[in-house]
Each structure stands twice: as C-alpha cells, then as structure tokens.
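Each chain, letter by letter, is given below.
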Amino acid sequence: MESATVSVQPRRSNASAWGGLLKTNVIWAVVLAIVGYIVAHWLGGKIAGNIAAEQNPGGTDQADIAILLGLFGSIVGWMLGLGFFNYPLKRMLGRPPSLHEGGESGAWRYFRLCTDHKVVAMQYLVATLFFFFVAGLNAMFIRTELTSHNATLFPSGNYLTLVGLHGTMMLTMMSAGVIGPLGNWLVPIMIGARRMAFPRIESLTMWLTVLAGFVLLSATLLGGFPTGWTGYAPLADQARAGIDSYLVSFLLIGISLVLVGLNIIVTVVTLRAPGMSWNRLPIFVWGMVTTSILAVLAAPVLAAALFMVMCDRSIESTFFVSSSGGSPLLWDELFWFFGHPEVYILALPGFGIVLEILPVFARKPLWGYRLAVAGMFGVALMSFMVWQHHLFMSGINANLRPFYMFTTELISIPTGVIFLNGFGTLWKAKIRFTVPMLFCTAFFFNFLIGGLSGVFLSDVTSDVVTHGSFFVMAHFHYTIMGGLVFALMGGIYYWLPKMTGFNLNQTLGKIHFWTMFVFFNLTFFPLFAAGMLGMPRRVSTYNADLHTLNVFVSIMAFCLGLSMIIFIVNLVWSMVFKRERAAENPWHSKSLEWQIPTPVPSYNFEEIPTITGDPYGYGLPEGPVVDFGRRRPAVAAGKAGA
Amino acid sequence: MTVAAEAIDRESPETLAANIRVGARLWTSAAAFFFMSFVFAFLYLKALNTAHSFREPHVTPPLGWGVAILACVVVSTALFAFGRTSLGDGTASRWRAMSLGALVLGLAVIALQFIEYYNLSFGATDGGLASVFVGFTAAFLLFWLAAVYWMETIWAQSLRGERAGESDIKDTNALLRPNADGCVVYLAVLVITEIFAFVLLYLVK
Amino acid sequence: MRILGVAATLAALVALVAVYVVYFLEASPATVSTAVMNSDGSANLTLQVVGAYGKHPFPDWVSYLVKDTSGEWRHTTIWKLPAHTLVHVTVYQFDSQTGLRNNFLAQVRGTVGGTATYTDTGNTGKGSGLPVYNNTALSVLPPAEPAHTFTVPGIDLSVPLVGISNATENVCGVAPCSMKYAHTTIAFSFRTPGAGSYRWQCFVPCAFAFLYGFGGPMQTVGYMDGLLDVT
Amino acid sequence: MSPTAAKTSGTVEPRHGRNFAILWAVATAIMVPIIIWVVGPHIPPGSMSDNTRAQHDVDVALTALAMPVLMLVWVFLAYAIKNFRADKTSEAIVDGPPIKGNARIQATWLIVSAVLVVGLAAYGTIDLFVEHGVGGGQGSNPLAKPADAKGALQIQVIGQQWMWTFRYPGYGGVETQTLELPMGRDVEFHVTSLDVVHSFWAIELGVKADAVPGADNVAFVRALRTGSFQVRCDELCGLWHGQMSTTGRVVSSAQFQSWIGATAKRYAGVTKVLPPYSLTYYPPPTRNAT
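Residue numbers (the numbering used here), protein chains in the order written: chain A, 1 to 642; chain S, 1 to 205; chain L, 1 to 231; chain Y, 1 to 290.
Heads up, some of the hints might be wrong.
To be verified - DSS-like, lysine-lysine: derived pairs with alpha carbons at most 25 Å apart:
#1 K82/Y to K510/A
#2 K428/A to K100/Y
#3 K67/L to K55/L
#4 K100/Y to K510/A
#5 K428/A to K265/Y
#6 K100/Y to K82/Y
These aren't lab readings, by the way, just hints derived from the structure by calculation.
Go ahead and model the full structure; you've got the sequences and the hints to work with.
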C-alpha cells in the first residue's frame with residue numbers, strides 16, 4: 001500500500017457539544033425507533049386486518065403481523081436516527097464511495113455512527129458488558145428461585161422468561177463479546193492497518209447489537225417468551241408476542257455476526273501491512289478469522305430458521321406444524337446447524353486471547369504456532385459436522401448417531417492441540433503471574449473440565465442420562481463462562497490500559513480473579529451432579545432431595561455475582577476516578593499493538609509500518625519486530641481514549 | 001472531514017477493490033448458506049411428509065408466473081454481467097442501456113412476484129410445500145431487492161461521473177468495475193438459487 | 001462532578017433493576033381465600049368460566065373466575081383452600097364446546113364417587129340437538145362436549161366441564177356473568193391433600209388464534225392456569 | 001526493551017520432563033482406582049434397569065479415562081506454577097528459552113489423542129448396539145433392538161401440554177395417567193406428542209426420548225427390580241414444563257397383569273371414545289378460528 005504522510009495535526013471539529021445533539025445520534029435513534037414501532041405497528045394492524053380480519057379481532061396479543069412489523073419499524077427508525085441511511089441514499093443518487101463519515105470528533109462520536117474502529121470497539125465493550133451484567137442479573141434471579149424446590153418466588157411464566165432472557169442475552173452478547181470490542185480494536189492494529197475494511201458496516205454491526213439487546217428486553221413488555229434461548233418450534237409458534245422480540249433480536253444478532261465476520265476476514269486478507277505474512281499473523285487474529293468463518297457461514301442458517309418461525313407466526317405458514325405437513329425436527333436441524341458452530345464462536349476467541357497472552361507472560365515464543373492455527377481451523381471446520389449430537393434423543397434417524405458421536409469426539413483433537421500449545425509455551429518459561437496471566441491459567445483449568453464433560457455428552461450412552469439436564473448446563477457454563485468469559489476478562493485486564501490509556505487496579509484485579517475463579521467452580525461443579533441425579537434444565541421445581549445442593553449452588557452463585565461487582569468497581573474506580581496514565585508497553589510485549597503510543601492516535605500509524613519480525617520472538621536475539629518508517633508516531637498526536 | 005482522512009493520504013483504489021472482491025464473495029457465501037436452509041427445508045419436509053400433508057392436492061404453484069420470474073432474474077443478471085464488460089472502455093452507451101435494462105427487469109421480478117402472490121390459489125397455511133413456497137420466494141425477494149439496490153448504486157455512480165475532491169478515495173471511478181464484478185458474483189448465486197427454487201417449487205412432483 | 005455522575009448513573013441503574021425485579025415478581029394475580037366453610041367441616045368453592053373475559057388487558061381471552069369468601073367474583077386463579085378437607089365445587093360454565101385434544105380427559109377422575117353432576121340450562125338455540133343434562137351424574141363426558149376441564153394433575157383430579165351449545169345465542173360476553181346467560185352447571189366434590197401448592201390447568205384447547213389452541217390464556221396464570229394454595 | 005534470554009548459569013537445571021512424568025504417573029495411579037472403586041459405585045443413575053447399568057458402566061469408564069487427562073493438565077499447571085516462575089526479586093524482564101515447537105511431541109500428541117478418540121467412538125458405538133440403544137429415543141426405525149423385540153411389551157407415551165399419558169395397545173388400547181410396567185420384560189416405548197416437543201425422561205429407568213408431534217420415537221428398557229421411578233419432561237414445553245412429572249412403578253409380572261386388568265375395566269368407558277391406537281395423532285385444532 002502506498003502512502004505518504006501529509007499533516008500529522010488533525011483539524012479539530014469546531015462543532016460545540018450542543019451541536020452534536022442535533023446531528024444523528026443515539027438519542028434520535030431511540031426516539032425514531034419508538035416512532036417507527038408505533039407507525040409500523042399501526043400499519044401492520046391495517047394489513048393484518050385486510051389479510052385476515054377474522055384472525056385478529058382487536059386482540060391485543062395475537063396480532064403478530066403488526067408486532068413483527070412494529071419491531072422491524074423500530075429497526076428502521078433506529079438506523080435512521082443513527083444516520084445509517086444517509087450513505088446508502090447518497091450512493092443511490094450516484095455519489096462516489098467514501099470510507100469515513102463526517103463529524104467524528106468530540107465525545108459525541110461515541111453516541112453515533114463512527115468509522116474509527118477504536119471508537120466502535122469501545123462502544124462494543126460498553127454495550128456487551130452492559131448486557132452481560134443484565135443477563136447476569138437474570139442468572140441471580142434464577143438462582144434465587146432455585147433456592148426452593150417448589151416454584152415460590154416468580155410466577156411460572158415469568159421464570160421461563162427470565163431463563164430465556166438470561167440464555168439468549170448471554171449467547172448473543174458473548175458472541176459479540178470478544179469479536180466486537182477486542183476484535184474490532186485489535187485486528188487492524190495487529191496487522192498494521194489504519195481501519196477495518198468496511199468502517200460503516202463495522203459501526204452498523206455494533207449498533208445492531210445494541211438494538212438487539214433492547215429488542216430482546218422488550219419481550220418483557222410483550223408477555224415474555226417461554227422457549228429459552230433455543231426457541232424450539234412449535235412452542236415458538238404458539239407463544240405469546242414476546243417471542244417476536246426474541247426472533248427479531250436474534251435475527252439482528254445473526255445479521256450482525258455475518259457482517260462483523262465478513263469485515264474481519266476482508267480486513268485480514270487485504271489490509272495486512274507489508275511483511276505481515278500469514279506466518280507472522282498474531283494468533284489472536286487467527287482466532288478472530290476462524291470465528292469469523294463460523295459467523296459468516298452459520299448465522300445465515302439461523303436467520304433462515306428465524307424467518308421461517310416469523311412466517312409461521314405472522315402469515316400462518318406451517319413449517320413447524322406437523323399436522324399440516326411441517327415438522328418440529330426441521331427447527332431442531334436448522335437451529336443446531338447454526339447452534340453448534342455458535343458455541344465455537346464462543347470458544348475460538350477465548351483460544352485466541354489465551355494463546356496471545358501466554359507468550360508475553362511466559363517470556364517464550366508461542367509453542368507450535370502452526371499447529372495452533374491448524375487446531376483453530378480444525379475446530380472451525382469440524383464444528384459444522386457435529387450438530388446432530390444435540391439431537392441424539394430427538395427421534396431423528398438413529399443410524400446417524402455413531403457418525404455424529406465419532407465427529408464430536410474427533411473435534412476434541414484440535415481442541416486438545418490448544419492445550420498442547422499452551423503447555424509447550426509454559427514449559428521452562430519465566431512466568432509472571434499478572435492478572436491477565438491468572439485468567440489465562442484458569443482458562444485451561446476450567447476449559448478442561450468443560451471439555452472432558454463434553455466427552456460424556458458426545459457418548460450416546462452417557463448422553464441418555466445427561467442430555468437436557470443440569471449436566472449440560474454445567475458443561476457449557478464451564479466452556480463459555482469458564483472458557484470465554486475468563487479469557488475475555490484476561491483480555492480486558494491485558495488490553496484495556498492500551499485501549500483507554502488508563503491502568504486498571506491490579507490488587508482489585510487479583511481479588512476479582514480469585515473470587516471469580518473459586519466461586520465459579522463452586523457454583524458449576526456441583527451442577528454436574530444435579531444433572532446426573534435427574535434435574536432437567538429450565539425448571540423451577542425439582543426433587544426435594546436436591547434442595548441442599550441447590551441452596552449451596554445458589555449461595556456460591558451470589559458470591560460469583562459479587563465478584564463481578566468487584567470487577568465493575570475496579571472499572572469505574574480506575575477509569576473514572578483514579579485515571580492513572582498507562583505506560584506504552586507495560587507488559588513488555590513484542591506485538592505490534594504495544595509498540596505504538598498510548599492512547600493510540602486515531603489513524604493508528606502515521607505511515608503504514610513494515611513488519612520485520614515474529615510477534616512472539618521472546619528469547620531470540622532479533623531486532624525490532626516492526627519498522628515504523630521515517631518516524632514513530634508522536635505520543636501526544638491524538639486523543640483516542642477518554 | 002475526519003481526522004483520519006485528513007491526517008493521512010487518500011486511499012488507493014487497489015486495496016478497496018480487493019476489499020470489494022473478497023467481501024462480495026463472503027457475502028455471497030452467506031447468502032448461499034441462507035438459501036441452503038430453504039432447500040433443506042423443502043427436501044426434509046418432503047421426505048418426512050408429516051400427516052401426508054406436504055403437498056395438498058390444490059397446492060399447484062402457477063408455472064407461468066414462475067417461468068416469467070425466472071426469465072427476468074436470468075436476463076437481468078445477464079444484461080448486467082455483459083454490460084459491465086463495457087464499463088469504462090469508452091462504449092458507455094452500451095453499458096447504460098444494458099444496466100438500465102437489468103434494473104428494469106430487476107424491478108419487474110419484484111412486481112411479478114407480488115402479482116403471483118396475489119393470484120395464488122393457495123395460502124401459506126396449506127401444508128409443507130405451500131409454506132416453503134411462500135417462505136422461499138419471500139426470502140428470495142429480500143435478497144433480490146438487495147441485488148437491485150447494488151446494481152442501482154453502480155449505475156447511478158457511473159452516470160454521475162467523477163468530481164474532484166469529493167471522496168477520501170483517490171480514484172472512485174476505478175472502483176466501478178470491481179464493484180460491478182462483485183455484484184455479478186452475488187447475482188450469479190441468486191440466479192443459481194432461483195433455478196433451484198424453480199425446479200424444486202414448480203417442477204418436482 | 002465525577003462522583004455525581006457515577007452516583008447518578010448508579011441510582012438510575014438501581015432504579016432500573018428495581019423496576020425489573022418488581023415487574024418479574026408482580027405479574028402474578030392475587031391469592032384469595034375461596035373456601036366458604038360449612039357446619040359439617042366441608043367447604044364450598046364456587047367458580048365460573050367465561051368464554052371471553054371482556055375487559056382489559058385481554059378482552060377476548062377465556063378465563064376462570066372465583067367467588068371469594070365475601071361472595072364477590074374475583075378474577076384470579078390462585079385459590080387458598082384448607083388442607084384435608086372435603087370441598088364441594090360448583091362451576092358455572094358460560095363457554096361453548098370445543099372438544100378435547102386427548103379424549104382420555106373425558107374421564108372424571110379423583111372426585112368423590114368418581115363422577116360429577118352436570119346440569120345444562122344453556123342449549124336454548126335452535127337445532128342444538130344435544131342431550132340436556134339435568135343433574136346427571138357422569139363418569140365420562142362425550143369428548144366433543146367439554147368447553148374446559150378443571151384438572152389438578154398433582155392430586156389426580158380431573159373434571160371435564162360441559163360447554164353450552166355452539167348454536168346458543170344468549171352468550172355472555174363480559175365477566176363476571178350473571179345467571180341469566182346460557183350456562184351449564186357442574187358440581188363435584190374432592191378431598192384436598194396436605195399442605196402445599198398444587199398447579200391446576202384446563203386441558204381443552206380453547207385459546208383463540210394460538211397454535212393448537214394452547215397459547216395465550218392457556219399458558220397464563222390468572223386465566224386458564226392457576227394454583228391451589230392448600231394450607 | 002528486548003530482554004535477552006537467560007544465560008544458562010552454573011546450576012544444573014532439574015530434569016523437568018522426567019519429574020513431571022513421574023508426578024503425573026503417580027497422580028493418575030492414585031486417581032483411577034479412587035474413581036473406579038470409591039466414587040464409581042455412587043455415580044448415577046443406579047441399577048434399576050439394563051439401561052442404567054450400561055449408563056453407569058460407561059460413566060465410570062469415561063470418568064476413569066478422564067483422570068489421566070485431567071491429571072496431565074492439573075499436574076502440569078501445578079508443576080509450571082511451582083517451577084517455571086520468573087524471579088520475583090528482580091524487576092528485570094528475563095526471557096525463557098526460545099523453543100518454538102517440537103515436531104515429535106506434536107505428532108505424538110496428535111496420534112495419542114486420535115487413538116483415544118477412535119477408541120472412545122468405537123466403544124460408544126459398540127455399546128449402543130449391544131445395549132439396544134441404551135434407552136435413548138431411536139426414532140421410528142430403531143437400529144438396535146433387544147433379542148426378543150417381538151415379545152416386548154408396547155407402551156405408548158403421549159406428551160401434551162402438560163401431562164403424560166400412557167397407552168397399552170396390547171390391552172385394548174387403554175390409556176392411563178399412571179405408568180406401570182412389569183419387571184424383567186422388555187418394554188418398547190413409543191413416544192409421541194400431541195402439541196409441542198416434550199422429552200420423556202424416566203430417570204431411574206435410564207430412558208430418554210423426545211416426544212415430537214407427528215413422529216414416533218422408540219426406546220427400549222428392561223427393568224431389573226421393582227420400585228418406583230420418576231418421569232419428567234426434559235424439553236422446555238411451556239408454562240408448566242417443570243411440573244410435567246409423574247411417578248411410575250415397576251411391579252412383578254403378576255401384579256402388572258392384575259393392575260392392567262383393573263385399569264382396563266376402570267377406564268372401559270373412556271377407552272371406547274379414544275381414537276384408534278396409532279403411532280402418531282393429529283387432534284384438531286391446529287389453530288382456532290382459521
């Protein structure tokens with residue numbers, strides 16, 4: 001890529017703080033989303049009245065055409081308010097393509113469409129953490145209900161809504177939880193680029209994710225939904241209007257996942273700096289690429305399945321209605337064809353983060369780099385061939401079960417490779433147990449238990465006992481929370497000083513780690529036993545003899561919740577009050593992102609750098625890993641953080 | 001004007017062309033996986049034939065409208081694909097005529113589909129085939145709308161021509177051809193999808 | 001300034017969480033005492049079932065109502081009953097016939113004597129052609145005739161409630177219904193179990209417009225589902 | 001900012017590979033017997049039926065097999081935390097040895113894990129056939145059947161929102177709300193649903209099969225002793241999913257005959273109005289008012 005330096009000094013926008021209020025921003029988005037809902041709902045009522053006056057005789061809860069159209073109307077309003085239609089309309093009028101939006105300075109850029117990938121990443125971080133804690137709050141409610149073996153606290157329907165909100169929100173927000181904040185922030189910088197390939201699409205994915213979260217919460221206003229995150233049809237066809245929120249929300253996340261994956265793959269393919277060969281690509285970027293492959297290919301299947309449920313609910317088609325030529329098994333197949341890659345969308349970013357951080361604190365090169373990349377690709381590709389292990393008991397063709405048992409167990413080979421890479425890296429290392437490193441070590445501890453319990457689930461014999469029970473629930477919490485969330489926390493402690501320019505408190509970080517680690521294990525390990533002893537998922541009533549176990553688990557879960565509060569306190573204290581300036585390279589890493597100033601200037605690199613070395617060249621007598629050209633960017637050139 | 005755009009030089013079109021090339025292929029594969037779900041739904045529900053009501057006797061998709069829609073999709077794509085070969089080589093009139101034709105036929109697809117819906121002898125409720133028919137064609141319509149939008153932006157930009165200093169990209173006209181190429185990849189997959197849809201929904205007994 | 005900002009955010013968040021919690025806790029209908037005690041130690045429970053509740057928020061939803069100890073009709077389905085007591089139930093049923101999904105539920109189970117008595121004063125329309133029950137004790141109701149069932153699976157109690165003829169014109173539209181509208185009367189007795197909370201529900205697919213007739217009111221406590229709060 | 005590798009000092013580096021291998025072997029040698037003989041007998045789901053025996057054996061075997069892997073990781077983590085630490089007393093950043101990989105170890109790891117996986121899959125597959133599906137729902141054409149499948153007692157399990165009922169086609173198609181089955185006889189469950197997806201889980205019998213409307217899902221069991229067992233719904237099915245449970249009983253053959261006779265008599269009236277026995281049912285309505 002040719003480039004020449006022009007002026008380094010950015011021109012400050014002279015728009016005042018109040019001026020930003022009048023431009024497109026999230027406030028307008030909220031207003032227009034509500035207006036959009038009302039208008040489209042009214043319109044939908046008219047249409048539905050014309051199509052089938054008989055079906056919707058003024059019913060307040062059964063007008064799915066109107067409600068679905070209303071929700072789509074709110075999407076349109078939201079995007080209009082944020083200014084996402086300006087550029088497409090300009091393009092329709094023949095204006096030439098461009099890469100950046102105007103007015104991208106000042107605090108307002110955090111509240112609108114912004115094409116700076118670092119701003120989008122910070123928006124992502126705040127949004128996904130917000131919804132992560134909302135979903136966590138639901139988990140606390142669920143555990144409160146389960147302190148009694150009879151349904152006592154929440155009315156039965158509300159309990160199911162809580163379970164569904166917790167599951168769906170965690171799954172959707174954590175799918176975006178790494179690829180959104182860390183992926184968008186790090187990928188361009190790690191490969192030596194100034195931006196993502198499609199900056200507007202990047203921003204779109206972020207704002208769609210936010211909207212998806214709020215649309216999902218709107219289910220509470222529409223009567224809740226009883227299906228959990230798996231949305232099994234035909235229960236989803238039958239449910240009240242709250243399920244429409246679930247459908248639209250998940251659809252938004254699906255679209256967002258496709259686009260974010262597409263954007264990252266394109267960025268990595270086309271925007272790598274000179275010298276950033278495939279062999280030198282940081283392992284985190286490989287993690288993002290493999291995640292993106294899954295996102296691009298799996299999420300469309302989900303979108304199609306959701307579209308079918310929407311058809312069933314609105315125009316009363318019969319995709320999942322067996323008495324009219326449909327079948328619930330169609331949903332099972334389509335959903336899990338997406339669903340299994342989805343759980344690896346929730347695992348691969350964790351692998352990437354952990355293998356990226358380990359070498360820094362082990363002071364050794366990543367052991368078996370090529371094998372790690374191969375392992376990630378192995379996981380990604382094989383995850384498309386295992387989905388029927390979710391359907392061992394469902395009554396589909398039983399002849400396929402040995403095959404899916406085999407492929408499911410086969411996927412443990414590439415997963416095991418990640419452990420080998422980690423251990424090779426730690427072998428004879430000089431480990432420094434900083435907070436990020438603690439989280440990475442715990443990742444191996446937790447993910448191993450998750451993985452080994454997965455073997456039980458892959459074996460049909462054992463799966464007869466464990467399928468659909470709390471055993472499964474404990475299993476995927478070990479892989480997703482014990483794996484991904486621990487890795488994400490490690491990543492936040494590791495990269496947040498670079499992203500914001502302020503240090504996090506290490507002592508609070510260590511307290512957070514130890515409480516989270518201990519109480520996480522005490523919460524979820526007993527649940528393996530609960531599942532094997534006959535406690536199905538998503539129930540508010542269970543056998544009285546499991547009562548003590550559940551009370552113990554609930555208390556531990558509350559402690560786990562408290563450890564999350566320690567994390568929030570640390571974030572707020574360090575970022576808002578203390579504001580201790582972070583060093584440029586506090587961890588003494590050799591990766592590219594640590595070689596540039598903190599805070600990172602909005603254009604990242606004054607001149608596109610040339611990569612001259614391996615990002616993990618610890619212990620090697622190599623020169624600098626990067627050549628910044630004529631000048632290393634001046635430290636005080638821009639203000640990216642705050 | 002943005003900080004990034006001002007601090008550094010305007011972007012070269014080569015990288016952007018590569019972006020469009022890779023991006024178009026990825027978007028196309030996502031679309032292919034989306035439609036695979038409907039093909040799967042058709043085959044799966046046909047094989048299960050629950051309650052013997054996959055194909056109710058009166059569910060006969062109107063072949064005439066189906067042929068018309070298929071023809072419009074194919075011809076529209078062909079016009080755009082051939083028209084783009086003369087994009088920028090000086091024979092602009094041929095490009096303009098052909099791309100305009102492609103656009104008009106593209107809109108005709110949408111109109112024809114709605115006419116077909118209006119004249120349908122069955123509703124989405126009438127069994128598995130009816131559901132797949134309505135769902136598949138409606139989903140295709142959405143993706144086709146995106147294709148028409150894409151064609152329109154290229155067409156509109158080519159009509160308007162380059163004006164100096166309007167973009168943060170150096171030579172935006174150099175992007176027209178890669179953009180059209182990417183669009184054709186997408187259109188090609190939509191044509192294949194429409195052929196699949198036509199065979200499955202109208203022909204397979 | 002910063003402290004104020006954080007405090008304001010915190011307060012807003014706490015308020016939001018409080019609203020959220022209250023929302024999830026509160027949506028349940030009220031628990032009412034329903035058993036009118038007789039001198040012999042047995043209790044009376046009086047119910048009515050209406051085809052359309054007729055009021056906000058779901059006027060077209062089918063619903064149960066109960067007479068509380070003061071004789072008022074209450075729109076709730078969580079009923080307080082004494083434990084180990086003989087309860088005489090009288091149901092005034094104003095809804096029309098739907099028929100069962102599973103004909104097994106035509107069987108009367110768990111009542112004293114294994115029967116319920118049916119009185120039909122509703123088939124007043126032209127051409128209804130149905131047998132008119134007059135204090136008829138039945139153990140199996142013809143499976144096309146129930147409008148609802150009153151079923152408590154935990155104590156194996158199930159009584160199909162006969163519906164008024166679909167040809168009837170004198171149909172009640174707004175709850176609570178007075179006895180001048182067409183209705184059927186079902187009477188049966190059962191013995192309450194030990195203390196505990198027992199869910200009850202209707203098994204007839206009587207929810208309008210929902211798939212399998214089983215969404216909406218059929219899955220909402222306060223309409224066709226409820227709890228026997230036995231103390 | 002490019003710290004150099006630690007110079008090998010005069011002290012002899014301990015033989016980490018050998019030490020670690022010994023520790024791992026010892027830990028494994030301790031844990032495996034504990035799992036098999038101490039923990040193993042307590043692993044659910046007990047021994048009420050042929051299925052639960054098979055499931056119990058597999059669970060014990062898998063747990064025991066997991067121990068070497070678990071110990072490999074735990075012992076390694078502990079060993080690394082103890083031995084591979086940076087010098088805490090010094091602020092200087094010291095690099096470890098720049099080992100980038102080892103083809104032999106990588107190949108060994110891959111081969112060993114591949115052998116393990118193939119072995120596990122073979123074990124699972126054989127078990128599945130030998131134990132005729134170990135109580136899992138096998139769909140309408142079961143692949144693995146018990147030896148005398150023709151003589152099996154057929155029981156249809158019908159799920160509906162929110163209740164289980166059971167039909168005995170061999171006894172006039174009588175339908176009941178209670179499940180009883182004879183000890184020592186193969187039972188063939190036909191699981192189906194009238195509305196949404198449920199899952200029939202007879203916990204102590206080790207039977208689990210999804211109840212899918214319009215589909216027939218077959219699972220086998222042979223109860224080995226008498227007693228009661230729980231039936232729960234294992235697939236989220238709406239409001240009272242958690243309460244959709246009942247208690248079944250395994251009784252002696254004679255007791256079963258007298259129970260089923262009494263039940264058929266008691267429900268003779270309602271049996272007459274039931275639809276004829278069928279593997280699937282499509283009762284109306286699909287939607288009201290359409």
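A quick look at each hint next to the structure:
1. K82/Y to K510/A: Satisfied, since the Cα-Cα distance of roughly 19 Å is no more than 25 Å.
2. K428/A to K100/Y: Answer holds: K428/A to K100/Y is near 12 Å, not above 25 Å.
3. K67/L to K55/L: 18 Å, holds
4. K100/Y to K510/A: Not OK: K100/Y and K510/A at ~30 Å, beyond 25 Å, violated.
5. K428/A to K265/Y: Roughly 78 Å separates the two Cα atoms, so the pair is violated.
6. K100/Y to K82/Y: Roughly 22 Å between the alpha carbons, so the hint for K100/Y and K82/Y holds.
Hint check: violations occur at hints 4, 5; the rest are consistent with the structure.
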